[in-house]
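Peer 1: Each chain is listed here by its residues.
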Amino acid sequence: MIQFKNVSKTYPNGTKALSNININIDKGEFVFIVGASGSGKSTFLKLIMKEEQPTEGEIFVNDVNITSMKRRKVPYLRRTMGIVFQDFRLIDKMSVFDNVAFAMRVIGARPKAVKRRVLYILGLVGLKDKADCRPAELSGGEQQRVSLARALVNNPSLIIADEPTGNIDPEMSFEIIELLNEINKQGTTIIVVTHEHELVQKFKNRVIEINDGKVTGDSGATAEKTVVPIKINQESLAELPKEIKEEIADVSADEINEEALKAINEGEADDL
Amino acid sequence: MRGIGYLFKEGIKSVWNNRMMSLASIGVLVSCLLITGAAVLLSMNVNSVVESVGKENQVTVFLNDNVKELEAVMEIGPEIRKVDNISDCVFFSKEEAIAELQDELGNLFAELQGENNPLPHAFHVTMVDLSQYDETVKSIMQVEGVYKVSDRSEVAEKLTSLNELVTQIGLWIVVVLGIISLFIISNSVRMTMYSRRFEISIMKSVGATDWFVRVPFVIEGVVLGVISGVIASGIIAFLYEALIAAVQYIIPFSEIIYSTVALKMTLSFVVLGMVIGAAGSAISIGRYLKMEGGEILGW
Ligand SMILES: Nc1ncnc2c1ncn2[C@@H]1O[C@H](COP(=O)(O)OP(=O)(O)OP(=O)(O)O)[C@@H](O)[C@H]1O
Ligand SMILES: [Mg+2]
Chain H
0 MIQFKNVSKT YPNGTKALSN ININIDKGEF VFIVGASGSG KSTFLKLIMK
50 EEQPTEGEIF VNDVNITSMK RRKVPYLRRT MGIVFQDFRL IDKMSVFDNV
100 AFAMRVIGAR PKAVKRRVLY ILGLVGLKDK ADCRPAELSG GEQQRVSLAR
150 ALVNNPSLII ADEPTGNIDP EMSFEIIELL NEINKQGTTI IVVTHEHELV
200 QKFKNRVIEI NDGKVTGDSG ATAEKTVVPI KINQESLAEL PKEIKEEIAD
250 VSADEINEEA LKAINEGEAD DL
Chain R
0 MRGIGYLFKE GIKSVWNNRM MSLASIGVLV SCLLITGAAV LLSMNVNSVV
50 ESVGKENQVT VFLNDNVKEL EAVMEIGPEI RKVDNISDCV FFSKEEAIAE
100 LQDELGNLFA ELQGENNPLP HAFHVTMVDL SQYDETVKSI MQVEGVYKVS
150 DRSEVAEKLT SLNELVTQIG LWIVVVLGII SLFIISNSVR MTMYSRRFEI
200 SIMKSVGATD WFVRVPFVIE GVVLGVISGV IASGIIAFLY EALIAAVQYI
250 IPFSEIIYST VALKMTLSFV VLGMVIGAAG SAISIGRYLK MEGGEILGW
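Chains H and R, in that order, are what the protein sequence lines are. Counting with numbering that gives the first Met the number 0, you get residues 0 to 271 for the letters of the first sequence. Counting with numbering that gives the first Met the number 0, you get residues 0 to 298 for the letters of the second sequence.
Derived from the structure by calculation, the hints contain no laboratory data. Any given hint might turn out to be false.
Stated by the list, open to error - With a straight-line Cα cutoff of 25 angstroms, these simulated DMTMM-like cross-link-like pairs (lysine to aspartate or glutamate) come out: (1) Lys-81/R x Glu-163/R; (2) Lys-49/H x Glu-291/R; (3) Lys-289/R x Glu-57/H; (4) Lys-49/H x Asp-209/R.
Unchecked claim - To list a few chain R residues with every Cβ distance to chain H over 12 angstroms, as calculated: (5) Met-20; (6) Glu-103; (7) Gln-131; (8) Val-274.
We put the CB at the ideal spot given by N, CA and C, even for glycine.
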């Protein structure tokens, strides 16, 4: 799914963030990226989402060379990814609901689909009670989960999370990784950057170590995973109001995402 | 396009959220439109005055120096009358001409009487249809013995050149003020964009197209433009009517009645405001669209 071929990145100010990286991540993998602060982990993620350009080498996502991708196509590349930022990047003047809904509105989803899907996802990360709160009214861990919800909401095939457990207690960290693990079991590729070695050790996932801009360790691709049908956090689902439960019962995540994408495509074809 | 309702709301909201800057842009844009409108109205009025003066449809046809009075009256006069579009052709001898000059300028021309009279004989010709002025003059010129045809009255000529000047200056005013307004609007939208750079960076990271990012800002610019257009047309209608009421006894010429141009004026103001607004925001957005996450946020 993701291939780095001899990739180097030097920032305009001369900082050499990554040098000669060769990494292969297959579809359906769950990979931890570890390494000291400033070693180039965030840069690695930014290259995948094409927020930064490599100074050398080539990067492939889903067999497409994104190094030479046209600017016009980048939004569609990003729609296949869900990104959790190290600093959350939540919009303060919007409610939790709107922060998550934002990601769907941006790709032109129908208001009705937005409502259903956002409430469902907030239930998934255990924040449906906080839907009307502002991010500033939430704890660090809760904000982290809003950010995660926003990454999940468009049902991406790749989730990139930069320190999603950076601000929360070990127990909550464990739950978040657990949730990502569940999502991974449906076939979603997941890349998580973390400092927490304990966490990494608890889960038997592939670990790539980056130090000083170089890959210094790679536990290798994990064994083939069996794809299990949707069965995410049924407890939080059970807590949802009855009418919403009924509404979402017949709409799988895939369906909603397809609906949203179809809406965009139709919109561009007909209404413009 | 689906989601346009959402984008529209966002655009309007941001006009309100940045109301100080919005107010400033509207103020500048209204002033620019007012000056532009004033220039256009002035030019239209000068134009209409020129037209009414130009309606003086009499020209003087001067004959060659050597043409005698008899020849003029008997031969050239009838020839001129044959030309199309002429209703009247009256002989005007050089003696009459010099006498008229003397009436105006006193005895200065005393020596120029009789044999010394340098003026040629002439005809006063009246045209039926002034719009055929040029063709008629051409035909008269072809009559043998005709030296030249006087130009339109001097006043009309002066007014025509004044009219051209006014139009030209008006045009420059429109261009210069257009650029100023463009600059102001683009600055206002840039402020909005700066205050919303965070949202823009998130929009881009979740896969918003350039189009989607752009729309609310363009709508903001257009809303500012339309509001300015409406305000400016209201003000100019009021000011113009008041001004005309004040000067109508001083200036005898028929002026443009505002109500006859009100619709055109309002429409052009609103459209001009819209175009400037949209263009102004488009200019400042371009820069942001090319940037990515960290760059937008200035990290
Ligand atoms: N936009 C930038 N311009 C210049 N240098 C940068 C930029 N972003 C990152 N760097 C530098 O590149 C190097 C790698 O940064 P990066 O953010 O990838 O590290 P990291 O591994 O994510 O660190 P942390 O664990 O602290 O988040 C650092 O030395 C950093 O200072
Ligand atoms: Mg980092």
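Peer 1: Each hint needs a verdict: does it hold in this structure or not?
Peer 2: Hints and how they fare:
1. Between the alpha carbons of Lys-81/R and Glu-163/R the distance comes to roughly 35 angstroms, so the proposed pair goes past 25 angstroms and is violated.
2. A threshold of 25 angstroms between alpha carbons decides the hint, and for Lys-49/H with Glu-291/R the separation of about 9 angstroms falls inside it, so the pair holds.
3. A C-alpha spacing of about 21 angstroms is found between Lys-289/R and Glu-57/H, which places the hinted pair at or below 25 angstroms, so the restraint holds.
4. Taken as a hint, the Lys-49/H and Asp-209/R pair is honoured in the structure, with Cα atoms around 15 angstroms apart against an allowance of 25 angstroms.
5. Listed as a non-interface residue, Met-20/R keeps its Cβ farther than 12 angstroms from every Cβ of chain H; the least gap is roughly 18 angstroms.
6. The claim that Glu-103/R is not at the interface with chain H holds, since no C-beta of that chain comes within 12 angstroms of its own (minimum 73 angstroms).
7. For Gln-131/R, the requirement that its beta carbon stay farther than 12 angstroms from each beta carbon of chain H is met, with the minimum near 52 angstroms.
8. Separation of Val-274/R from chain H is adequate, the least Cβ-Cβ distance of about 20 angstroms exceeding the 12 angstroms criterion.
Against the hints set out earlier in the document, a violation occurs for number 1 only.
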